[in-house]
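Colleague: For chain V, the structure is supplied; the task is to place chain D on it using the hints.
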Amino acid sequence: MKKYILLFLIVPFFSFSQSNDKSKKETFKVDGNCSMCKKRIEKATLSLDGVKYVNWNKRTDDLSIIYNNNKVDIEEIRTKIAQSGHDNGEYISAIEVYDKLPKCCKYRDSEKH
Amino acid sequence: MIKRIPFFVLFFIINYSYSQTISGKVLFKDNGIDFPIEGANVFWLNTNQGTITKATGEFNIQKIKDVKSLVISYIGFKTDTIDIEDKKFINHYLTFSDDNELDEVTVSKKRKTIQRTYLMPQNIVKISEEELLKAACCNLSESFETNPSVDVNHNDAITGTKQIEMLGLKSPYILITEENIPMVRGASQTYGLGFTPGTWIESIQVTKGMGSVTNGYESIVGQINTEIKKPYSDIPFFFNLFNSVDGRVEANAHLKSTVSEKIQTTSFIHYNDRKRANDKNTDKFLDKPIQDQLNLLSKWQYTDAANGIVSFLNIRYLDDNKKVGSVDFNEKSDLSRFWGGEIFTNRFDSSFKLGYVNPNIPYQSLGFQLAYNFHDQESYYGLNDYNISQKSLFANLIYNSIISNTKNKIKVGLNFSSDSYDEFVFKSNIERTDRSFGGFFEYSFDNLINLNLVFGLRYDNHNNLGSFFTPRLHFRYLLNDNFSIKGSAGTGRKIANIFAENQVIFLSNRINLNKTFTEKLYGVSPEKATNFGFSLDHKVFLFGGQGNIIFDYYNTTFENRVIIDFETPGEFNFYNSTFGKSKSNSFQAEFLFSKNNWNITAAYKKYDVKSYYNSGLKEKPIQPRNIIFFNYGIESNKINDKNWKFDVTYNRLGKQRLVRNPRDNFELVDPHFSINSQITRVFSSKFEVYLGGENINNFKQDNPIIMANNPFDPMFDASIIHGPIFGSIYYLGLRFKILN
Numbered sequence: 001m002k003k004y005i006l007l008f009l010i011v012p013f014f015s016f017s018q019s020n021d022k023s024k025k026e027t028f029k030v031d032g033n034c035s036m037c038k039k040r041i042e043k044a045t046l047s048l049d050g051v052k053y054v055n056w057n058k059r060t061d062d063l064s065i066i067y068n069n070n071k072v073d074i075e076e077i078r079t080k081i082a083q084s085g086h087d088n089g090e091y092i093s094a095i096e097v098y099d100k101l102p103k104c105c106k107y108r109d110s111e112k113h
Numbered sequence: 001m002i003k004r005i006p007f008f009v010l011f012f013i014i015n016y017s018y019s020q021t022i023s024g025k026v027l028f029k030d031n032g033i034d035f036p037i038e039g040a041n042v043f044w045l046n047t048n049q050g051t052i053t054k055a056t057g058e059f060n061i062q063k064i065k066d067v068k069s070l071v072i073s074y075i076g077f078k079t080d081t082i083d084i085e086d087k088k089f090i091n092h093y094l095t096f097s098d099d100n101e102l103d104e105v106t107v108s109k110k111r112k113t114i115q116r117t118y119l120m121p122q123n124i125v126k127i128s129e130e131e132l133l134k135a136a137c138c139n140l141s142e143s144f145e146t147n148p149s150v151d152v153n154h155n156d157a158i159t160g161t162k163q164i165e166m167l168g169l170k171s172p173y174i175l176i177t178e179e180n181i182p183m184v185r186g187a188s189q190t191y192g193l194g195f196t197p198g199t200w201i202e203s204i205q206v207t208k209g210m211g212s213v214t215n216g217y218e219s220i221v222g223q224i225n226t227e228i229k230k231p232y233s234d235i236p237f238f239f240n241l242f243n244s245v246d247g248r249v250e251a252n253a254h255l256k257s258t259v260s261e262k263i264q265t266t267s268f269i270h271y272n273d274r275k276r277a278n279d280k281n282t283d284k285f286l287d288k289p290i291q292d293q294l295n296l297l298s299k300w301q302y303t304d305a306a307n308g309i310v311s312f313l314n315i316r317y318l319d320d321n322k323k324v325g326s327v328d329f330n331e332k333s334d335l336s337r338f339w340g341g342e343i344f345t346n347r348f349d350s351s352f353k354l355g356y357v358n359p360n361i362p363y364q365s366l367g368f369q370l371a372y373n374f375h376d377q378e379s380y381y382g383l384n385d386y387n388i389s390q391k392s393l394f395a396n397l398i399y400n401s402i403i404s405n406t407k408n409k410i411k412v413g414l415n416f417s418s419d420s421y422d423e424f425v426f427k428s429n430i431e432r433t434d435r436s437f438g439g440f441f442e443y444s445f446d447n448l449i450n451l452n453l454v455f456g457l458r459y460d461n462h463n464n465l466g467s468f469f470t471p472r473l474h475f476r477y478l479l480n481d482n483f484s485i486k487g488s489a490g491t492g493r494k495i496a497n498i499f500a501e502n503q504v505i506f507l508s509n510r511i512n513l514n515k516t517f518t519e520k521l522y523g524v525s526p527e528k529a530t531n532f533g534f535s536l537d538h539k540v541f542l543f544g545g546q547g548n549i550i551f552d553y554y555n556t557t558f559e560n561r562v563i564i565d566f567e568t569p570g571e572f573n574f575y576n577s578t579f580g581k582s583k584s585n586s587f588q589a590e591f592l593f594s595k596n597n598w599n600i601t602a603a604y605k606k607y608d609v610k611s612y613y614n615s616g617l618k619e620k621p622i623q624p625r626n627i628i629f630f631n632y633g634i635e636s637n638k639i640n641d642k643n644w645k646f647d648v649t650y651n652r653l654g655k656q657r658l659v660r661n662p663r664d665n666f667e668l669v670d671p672h673f674s675i676n677s678q679i680t681r682v683f684s685s686k687f688e689v690y691l692g693g694e695n696i697n698n699f700k701q702d703n704p705i706i707m708a709n710n711p712f713d714p715m716f717d718a719s720i721i722h723g724p725i726f727g728s729i730y731y732l733g734l735r736f737k738i739l740n
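So the protein lines, in turn, are chains V and D. With the first letter of the first sequence counted as 1, position 95 gets the number 95 in my numbering; the numbers rise by one all the way through. With the first letter of the second sequence counted as 1, position 348 gets the number 348 in my numbering; the numbers rise by one all the way through.
This is chain V alone, in the form it adopts within the complex (with noise of 0.2 Å):
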């Protein structure tokens, strides 16, 4: 009994580096202004089965994903991240889910570098 209890709680540390075979990171821009947008973006990002890991980078308008290929695709993502209100590349929110966005996030009113 105790063996396998320890085995079991051994056995994750073999799967270190296998378990990411299907897995694929990215990094591209999406469009935001501020930490309310941060959490908006990765909040949709992380509702999709298949996303594992996400990080917004408020500054450099940067996101890193990492998520398996197998179960969703990027395009699944962007489409996602504009209908959370923010524009990505050539994946634009629909303006009626811009509007609602609260006035800090309103990212086209502002001047992108």
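Derived by calculation from the structure, the hints in this document are not laboratory data. Certain hints may be false.
[Said to hold, decoys possible] Which stretches of chain V does chain D cover? Using the computed rule of at least three CB atoms under 8 Å from a CB of chain D, they are: (1) 35-47; (2) 51-57; (3) 72-84.
[Unchecked claim] To list a few chain D residues with every Cβ distance to chain V over 10 Å, as calculated: (4) Phe28; (5) Ile75; (6) Phe96; (7) Met120; (8) Asp349; (9) Ser420; (10) Leu617; (11) Phe687.
In this text the structure is predicted, and so the values were computed from the model without any measurement. Heads up, the beta-carbon is just placed ideally off N, CA and C, and yes, glycines get one too.
Modeller: Here is chain D on its own, set in the frame of chain V:
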């Protein structure tokens, strides 16, 4: 009562001199409608003095001499600087910013020195280095006097040692770690808190209730983790001197050197002594020991950020000597005439840590810790010789990752620990080795909206405790933005180190009637306890400042509590409580408030700690039934890096039960209080001087030692103390730094 008055007068004086305030409102216009801005930064130009706006957009800020420009900023809006001149009220409209750079303009709000973790499910209070500067805080045992999370008591009337308690239980039931490696444990339980100098400490995290399973099965009522200053972020040089009226002198020096871009090292040197013999109550016994301590630590840090590696190596040596007892006592040969004692402690600590974060997969990380400690205490208390040595090996491997996404985090790991004890007590040798090997698993869930959950389970195989599971659960639920509820439950286990933890036994002529103490585990079964509790935290915005109202309730139930029984005069007994479950209930109501440059903490704590003694269900002796705590701190505005800091703490201990003894003909001690205060003058960012007083109201327990005039009488006892024995202590210190 009269003695308290000058302090309140002082408050008024300080408050009066800052009473010129400006109030105002920060808003923005959208389609002609006014909207208030909550959380906007309002601060004086080129200072760190500022405030944030309330939900209504309103703010209050105190005027600073010679500064007339007020800066108002909020993310997504243009930062404005406005001239105040003699205005009393300002309505200010912010306009939307045209660029994205604004985030970098926000000014850091003044960081609180005691931070409660609002976002984490555990009930953790973090005490920062700045908080430690509010009191003498010469060592870890003195570091909790300005905040109510931990209670500090006097251990006895002879050794000058302080004991800490949480939730009504003594420090052996608290897991005390240094950088997550068990530190005050086993042999060091009585004096170990005095072995970490205050200036070395970067921060202390106090976890109330069950700790995480990753730190072992031992913590029952809480965990106190101390982080030592890290070489990477440390300043090149620090020097501190301290002197108090009882003759205590302390000196601390920290020296950092950079070996290479990746390697830094800091050497910490601490020395303290008290050569003076103090006997203020003229009972012919030293009020405080004659002592000296040398404490050296060499800390090395290796950082390779590009490859995600950070590593530490620590080597430490301690030599501590105390002489206690009669003022006429000089050496062991005097024992036939005078009661005296000496305690010599040597300790060696070494630890190695390695952390690795996969740079490509940031959610995967691996941590490894390895520590070896050797602790050796040789002592005699009167005619009682007591020696203990402990060799400890501790290893911990922990792996962090996620399940499907970062909302679901997991930690798995393995622990090994081995402790060999060698004791000489009442002329018998006792040897014991504890060895345990365990694995743990912890799952954390965060729904990113209002719920956090941590479930942990560990399985240990211990040569003396057997094999067992330890489950623990924590949660946090956010009812709304300002109101959170936290809860925790779990089990913990512990082997009682009867003599090491209760060295007060030797400070009396009590006779032990259980003759079985040389048996395995001193003839008692290990303790097992269940702890659960919850905490409600409500943020409030009042009078232009921010506060929290917190309610805590915790319950600890023991299955076979080990009772140290002093109920019969002249005897001491220890045994497992067999007639029923021992319980400890604790309730705490706390109010925190801060505004501009001052803050208050007020707390009421109520304890109900009862155990089944052989003589029946009894309240724990020398445990205040309630405690009232109040702290007020204020800082003046910084002008050319110069300012004043003032702090005062009031602590009132409620009624305490005393064991039956020949000195006191009452069962309950009346409540008493103490006032501590400190004032600091910061002359520059490099140099400051502080002056303080402890127990300024000069409360003293009369006749702390029973039969002090005849220490060879069977009734002699120095363990029954409920308050300070020395009276007021004043101290003066300085700190000097060389900055980067």
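Colleague: Holds or violated: is the Cβ of D/Met120 farther than 10 Å from all Cβ atoms of chain V?
Modeller: At roughly 17 Å from the nearest Cβ of chain V, D/Met120 sits farther out than 10 Å, so the non-interface label holds.
Colleague: Using a Cβ cutoff of 8 Å, are there at least 3 residues of the region 51-57 of chain V near chain D, or does the coverage claim fail?
Modeller: holds (count 5)
Colleague: So D/Asp349 supposedly isn't at the interface. Is its beta-carbon more than 10 Å from every beta-carbon in chain V?
Modeller: The claim holds: D/Asp349 sits with its nearest Cβ about 28 Å from chain V, beyond 10 Å.
Colleague: Would you say D/Phe687 is clear of chain V, with no C-beta pair closer than or equal to 10 Å?
Modeller: Nearest chain V Cβ is 37 Å from D/Phe687, so the label holds.
Colleague: Was D/Leu617 rightly flagged as not at the interface, with every chain V Cβ beyond 10 Å?
Modeller: Since the minimum Cβ distance to chain V is about 38 Å, D/Leu617 lies beyond 10 Å and the statement holds.
Colleague: Are there three or more residues in the region 35-47 of chain V whose C-beta lies closer than 8 Å to some C-beta of chain D?
Modeller: holds (count 5)
Colleague: Verify that the Cβ of D/Phe96 lies farther than 10 Å from every Cβ atom of chain V, and report whether the claim holds or is violated.
Modeller: Since the minimum Cβ distance to chain V is about 7 Å, D/Phe96 lies within 10 Å and the statement is violated.
Colleague: Taking 10 Å as the cut and beta carbons as the points, is D/Phe28 off the interface with chain V?
Modeller: violated (7 Å)
Colleague: Within the region 72-84 of chain V, is the number of residues with a Cβ closer than 8 Å to a Cβ of chain D three or more?
Modeller: As far as the region 72-84 of chain V goes, the hint is violated, because 0 residues have Cβ atoms under 8 Å from chain D.
Colleague: Determine whether the non-interface label on D/Ile75 survives the test: each CB of chain V must be over 10 Å from its CB.
Modeller: Contrary to the label, D/Ile75 does not stay out of reach of chain V, its closest Cβ about 5 Å off (not over 10 Å).
Colleague: Any Cβ of chain V at or closer than 10 Å to D/Ser420, or is the non-interface label fine?
Modeller: Check passes; 23 Å lies beyond 10 Å.
The earlier numbered hints that this structure contradicts are 3, 4, 5 and 6.
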